[in-house]
Amino acid sequence: MKKNQDAAISVKENRALEVWRQFRRNKGAMIGLALLIVLVLVAVFADVIWDYENDIIQMQIGNRLAPPSWEHPFGTDNYGRDMLARIGYGTRYSLLIGFVSVLIGTVIGVPIGAISGYVGGKVDNVIMRIVDTFTIIPSLLMTIILVSVLGTNLFNLMIALSISTIPVMTRITRASVMVVRNNDYIESARAIGAPTGLILLKHVLPNCFSPILVQATLRVGSSIISAAGLSYIGLGVPLPTPEWGALLSASKSFIIKAQHMCLFPGLAIMITVMVINLVGDGLRGALDPKLKR
Amino acid sequence: MLKYILKRILTIIPVVIAVSFIVFFIMDFVPTDPAVTALGDGATEEQLNYYRETHGLNDPLIVRYARYMAGIFRGDLGTSYANQLPVWDLFFDKFPNTLRLALASVVVTVLLSLPLGILAAVKENTWVDTVCSTLSFVGLAMPNFWLGLLLIMLFAVNLHWLPSTGAAGFSSLILPAITCGTGNMAALTRITRSSMLDVLRQDYLRTARSKGQSERTIIFRHAFRNAQIPVVTQIGIQMSTLIGGAVLTERVFAWPGVGAFMVDSIQKSDFEVVTGFVIMLAIFVSLVLLLVDVLYAFLDPRIKAQYSRN
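Just so you know, the sequences run in chain order P and R. If you use the working numbering, the first sequence corresponds to residues 1 to 293, in order. If you use the working numbering, the second sequence corresponds to residues 294 to 603, in order.
Hints are not guaranteed to be accurate.
[Stated by the list, open to error] With a straight-line cut-off of 25 Å between C-alpha atoms, the simulated DSS-like cross-links for lysine-lysine are:
id, chain 1, residue 1, chain 2, residue 2
1, R, K416, P, K27
2, R, K597, R, K296
3, R, K300, R, K561
4, R, K504, R, K387
5, R, K416, R, K296
6, R, K561, P, K252
7, P, K122, R, K597
Just so you know, these hints were derived from the structure itself, not from any lab.
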């Protein structure tokens, strides 16, 4: 028994190593990963790099709407605050919102999709009709409605975004579970009388891991964009919090006088999402060689 | 075929019932009081109570829901709390603008994505392909509303070529349509490319080539026609999200559409409008998806045969 377990662990280790080897070959994915690590470090140590009260919130009216310079590479905003500091600090919110909302959506969506795909029949039918209903309501609208019902703050924004992630994760899990469940080893697990929950956890879900992980990674990017959009219309993180969408929202009144205010927060969103998508594409290629082009 | 369409239209009814129940249920959690929204902060407790009683706001959720649903089938979506106009009229006042923007955006997307996608597939693994996929990669990561702001900056503020906001005439449609259209470009280019690649590897194309047909005939008559289904599906999905999801673009350009009006209504706590609009949008989204399925039949005789069998 002990020997078998050891063998299983080493197979897993080999698999992880193999995925890493494949991932490392993809130059774009490696650049993405390196930049993502930098972004995460900036987000984690934002408090150390910048002083929230002095650098981020404190107004310096004498220095309003200054264009980019050596002192302020991204210029200053309408209250004279350094845009680089505000955007840098904002990394924290965007990454937090993106990752946490997708994590919650995945934790809820995957079991529902797994049950739907594995059990099939009436259960599947009912679950999928509910998922369809949620899909019919455009997801951004759904998020807007949920935020307006829950109230606008960081936590509620994450909850609302995670609820629109659930149907996506449910669908992808269901689809891959339906493929895996027909394999012979699942049949034999069932034949020796293993309980359904155990089969799902130990045999089905581990084999559906790749598409779920890839989808979740790519979803982080779209959640960051949605979150910024909600803050832009005043339903996300409120000012003076330097969330990127909120920064863009503030920039609109100064679109004639201070175009740098609009340029840099948008670039920050775009680059972050691109970095995450690069990692996602790299994972897709490494985990599923068939999908590589 | 006609039977199939009728059957599909009937399936929209349970969808509408489900969507409206979910929306109704969610809206029940709203902490604001519709009576206060309608009468203002100055209203006395008696006035508020009278309003609640006459508008049936004190009834249990299920009773209000049943009454609401009975109304929908008569074309009655209730009255806006904020300006006392029928929600139905408000919706059809805004909807043509949204539809106009959605159609224009789809045209932009198709004009950009199909050539790019086909070109990328035909020139697979060359620099053309790399440029096309880089473009769609960047497009995928670009927040739509930011692109809108950049376009305003360039074409309205700096160059003074086009109006930045409003919906007066064709010129004001251009920037919003490009904003929505290029946002969707990434996905459609990718799908066109991959479905063209699938088709280009098929044996019958080799046959066509060996018969000596020109490359152009092969690509457009033989390959693209068979790569259309996923492309049409994607266009349908985009159309349906544009109908309800152009909220941000409408806000950026002050475009008087359904989405911008809904956000305004949310900010005014006018939830009667929000509920009615979401239900109407769900109906139109379902209709677009139905239209896509019907289009399949025209594009592919095999699917038509399948519809007639069922």
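Verification of the hints:
no. : hint              : verdict
1   : R:K416 <-> P:K27  : holds, 22 Å
2   : R:K597 <-> R:K296 : holds, 12 Å
3   : R:K300 <-> R:K561 : violated, 40 Å
4   : R:K504 <-> R:K387 : violated, 54 Å
5   : R:K416 <-> R:K296 : violated, 43 Å
6   : R:K561 <-> P:K252 : holds, 22 Å
7   : P:K122 <-> R:K597 : violated, 28 Å
Consistency with the previously given hints fails for numbers 3, 4, 5, 7, ordered from lowest to highest.
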